[in-house]
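Listed below, chain by chain, are the residues.
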Amino acid sequence: MSDLLRLGLNDLHEELGGKMVPFAGYSMPVQYPMGVLKEHLHTRAAAGLFDVSHMGQVILRPKGSYEATALDFERLMPVDVAGLAEGRQRYGLFTNDAGGILDDLMFANRGDHLFVVVNAACKAADIAHMQAHLSGTTEVLPVTDRALLALQGPAAEAALARLVPQVAAMRFMDVAQVPTVFGELWISRSGYTGEDGYEISVPDGGAEGLARALLAMAEVAPIGLGARDSLRLEAGLCLYGHDIDETTSPVEAGLTWAIQKARRAGGAREGGFPGSARILRELAEGPARRRVGLRPEGRAPMREGVELYAGETAVGRITSGGFGPSVEAPVAMGYVAADHAATGTALAGELRGKRQPVTVADMPFQPTTYKR
Amino acid sequence: MKYTKEHEWLRVEGDLVVVGITEHAAEALGDVVFVELPEPETQVGAGDEVCVIESVKAASDILAPVEGEIVAVNEKLADNPGLVNEDPLGEAWFFKMKLDDLSVLDDFMDEDEYKELIG
Chain D
-11 MSDLLRLGLN DLHEELGGKM VPFAGYSMPV QYPMGVLKEH LHTRAAAGLF DVSHMGQVIL
49 RPKGSYEATA LDFERLMPVD VAGLAEGRQR YGLFTNDAGG ILDDLMFANR GDHLFVVVNA
109 ACKAADIAHM QAHLSGTTEV LPVTDRALLA LQGPAAEAAL ARLVPQVAAM RFMDVAQVPT
169 VFGELWISRS GYTGEDGYEI SVPDGGAEGL ARALLAMAEV APIGLGARDS LRLEAGLCLY
229 GHDIDETTSP VEAGLTWAIQ KARRAGGARE GGFPGSARIL RELAEGPARR RVGLRPEGRA
289 PMREGVELYA GETAVGRITS GGFGPSVEAP VAMGYVAADH AATGTALAGE LRGKRQPVTV
349 ADMPFQPTTY KR
Chain L
348 MKYTKEHEWL RVEGDLVVVG ITEHAAEALG DVVFVELPEP ETQVGAGDEV CVIESVKAAS
408 DILAPVEGEI VAVNEKLADN PGLVNEDPLG EAWFFKMKLD DLSVLDDFMD EDEYKELIG
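These protein sequence lines map, in sequence, to chains D and L.
Position 261, counted from 1, in the first sequence is what the working numbering calls 249; the numbers after and before it change by one each time, with no gaps.
Position 7, counted from 1, in the second sequence is what the working numbering calls 354; the numbers after and before it change by one each time, with no gaps.
In case anyone wonders, no lab produced these hints; they're calculated from the structure.
One or more hints might be untrue.
Derived DEER-like restraints, expressed as beta-carbon distance ranges [to be verified]:
1) P10(D) / D395(L): 28 to 34 Å
2) G197(D) / G392(L): 58 to 64 Å
3) R358(L) / G341(D): 27 to 33 Å
4) D426(L) / R200(D): 39 to 45 Å
Backbone N, C-alpha and C fix where the C-beta goes; we use that ideal spot for every residue, glycine too.
Let's have the full structure, built from the sequences with the hints guiding it.
Dropping the structure here:
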């Protein structure tokens, strides 16, 4: 445990009774005394506060024009960066030459620069990747003196607006930089639970004050990684390293909504990203396999690694699965051969040597409540 | 009450032994969402996997502590797996076994020894 990095708010997590476990090189709270199930339900009913400071925060500072940086950054992703309006955030994916996914991320246009948030486990590689490819136009500046908190759930707006009234007017995927008593907050109206809410980058010196001010509110409870996982699973969102990785393409993963028209065939800036040959071909012809939602019959969860069968033929495998506390049933996602990917297809999952029925289902499993 | 290294409790009830999991185990598992019970009237050997418990975190097995016949299972757990967290030592028993010789239970830990194990 001694090699693990400690979060800036480590002492607060321990004071709150957080059960600390290793995750992506950090000691992280997996749950608090409330427990995963109640933390999950609390987030959907009121508001949950998550410490996601392990994630990588990076500023892309143009050496010349913003446009040159945006176009350069765009060459790493099948995503429209240049067309993103100021004050807005977008979901992105770094791809490799084989069309696989190196990481998924969020990026925001902050007028004269871009702000990027990447996964903890990938952040060193992502920073090296950006430094290797963007140095002609851009300074890649890791932000190492800020915590990142997420406040998620239907009461998130009311809670955060007590401290920062401006956030009530923000819409889904808006970003703002707001001076407060906790320092300048970098706020986005987004998250990874399927709920309305915010992600808040806060200077290290103000992080504990902000967290305590939010936790003092009746609606807000601290939520660990366990519930973060079940919440994102119910919302149908991918966990990097499980549901997407270097072998899965964005098209197979069902992330085509993240590939805007400008980068597709016939678009203004068609192709020109790593793996474009495969990705554009799969967009045109369809992929050989697809990520799908799965609803196991009965109450037994089917977890990552469960093999899927159509009759006697192996057709795929589960990449994430568990019990959905809001759905009140097991839910999963995984990859299946494209001809078995239609909603309603009856498959079987091999659970402890027995084949159990599971049906291909639409995602999200739980309706999202983003404030668009 | 006797205890196993696998954090099961064993309680003698007439000529039967009732098996459940300890509070310590229930807490470590987290919220239980699914329990798969064995068929009653099954002959099992010591160490056989006889139940599956799924929590929000992971799946784990309950092992038969001794050789014998499973004569009853707690069907309530199939409908309400959360009982394992609410009342692990009482209502959330898993199964009852009939043993040829109850004296085999003498080999298991008593409460003091179990408390020492879990620190």
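Evaluation of the provided hints:
Checked against the given bound of 28 to 34 Å, the beta carbons of P10(D) and D395(L), roughly 33 Å apart, stay inside it. In this structure the hint that G197(D) and G392(L) lie 58 to 64 Å apart at CB holds, the actual value being about 59 Å. Taking the beta carbon of each, R358(L) and G341(D) are about 31 Å apart, inside 27 to 33 Å as hinted. The hint said 39 to 45 Å for the Cβ distance between D426(L) and R200(D), and at roughly 41 Å that hint holds.
The earlier numbered hints are all upheld by this structure, with none contradicted.
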